[in-house]
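Peer 1: Sequence:
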Amino acid sequence: MVIEFLKFKVTPELREKFIQKDAEIWTTAISRYPGFLSKEVWIDPNVPTEVVMIIRWATREQWKSIPTEQLDKIDAKFAQQMGKTYELIQSSEYQVRKFPLS
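In this text, residue positions in the sequence shown follow the UniProt record's numbering: the first is 1, and each later residue adds one.
Since the hints were made in silico from the structure, they are not lab data. Be aware that a few hints might be false.
[Claimed, not checked] Think about it this way: if two alpha-carbon atoms lie no more than 30 Å apart in a straight line, the pair counts; the simulated DSS-like pairs of lysine-lysine are:
hint: 1; residue 1: Lys17; residue 2: Lys39
hint: 2; residue 1: Lys98; residue 2: Lys7
hint: 3; residue 1: Lys84; residue 2: Lys64
hint: 4; residue 1: Lys7; residue 2: Lys39
[As the list claims (entries may be wrong)] For each label pair, taking beta carbons as the anchor points, the in silico distance ranges come out as:
hint: 5; residue 1: Lys64; residue 2: Ala23; range: 18 to 26 Å
hint: 6; residue 1: Arg97; residue 2: Asp72; range: 27 to 35 Å
hint: 7; residue 1: Asn46; residue 2: Gln70; range: 32 to 40 Å
If you're wondering where the values come from, they're calculated on a predicted model, not measured in any experiment. We put the beta carbon where it would ideally sit given N, CA and C, even for glycine.
Modelling step: build the complete structure from the supplied sequences, incorporating the hints.
Peer 2: Structure follows, in structure tokens:
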């Protein structure tokens, strides 16, 4: 499994709208692709400008096989809904590593 880690800076007053539109637009779109497992949205009650998204993919190959044109269309639709109220401040990739029990 591969984890896509995204951290956004969001206008505090629009944080809930950001989360709702993300679910409506991004999650709906990417969940149709093979390899999508789940998505979580994390908020820190002490940092109202931050939203973290954790997306789980079965394999890196499946995640990266989503056509760039499709990602661009999804991004444009989301940006049209949200305007300049957010900024991606971190994007990382993690592999889930499991160790055998002794």
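Peer 1: Does each hint hold? Answer for all of them.
Peer 2: Hints versus structure:
Restraint check: the Cα-Cα separation between Lys17 and Lys39 comes to about 17 Å, which is no more than 30 Å; the hinted pair holds. With a C-alpha separation of about 25 Å, the suggested pair Lys98 and Lys7 falls inside the 30 Å cut-off, and the hint holds. A distance of roughly 26 Å separates the Cα atoms of Lys84 and Lys64; the hinted pair therefore holds under the 30 Å criterion. Note on Lys7 and Lys39: the hinted pairing holds, with a Cα-Cα distance of about 13 Å set against a maximum of 30 Å.
The hinted range of 18 to 26 Å is satisfied by Lys64 and Ala23, whose Cβ atoms lie roughly 23 Å apart. Between Arg97 and Asp72 the beta carbons are some 32 Å apart, a value that agrees with the proposed interval 27 to 35 Å. At about 36 Å, the CB distance of Asn46 to Gln70 agrees with the hint of 32 to 40 Å.
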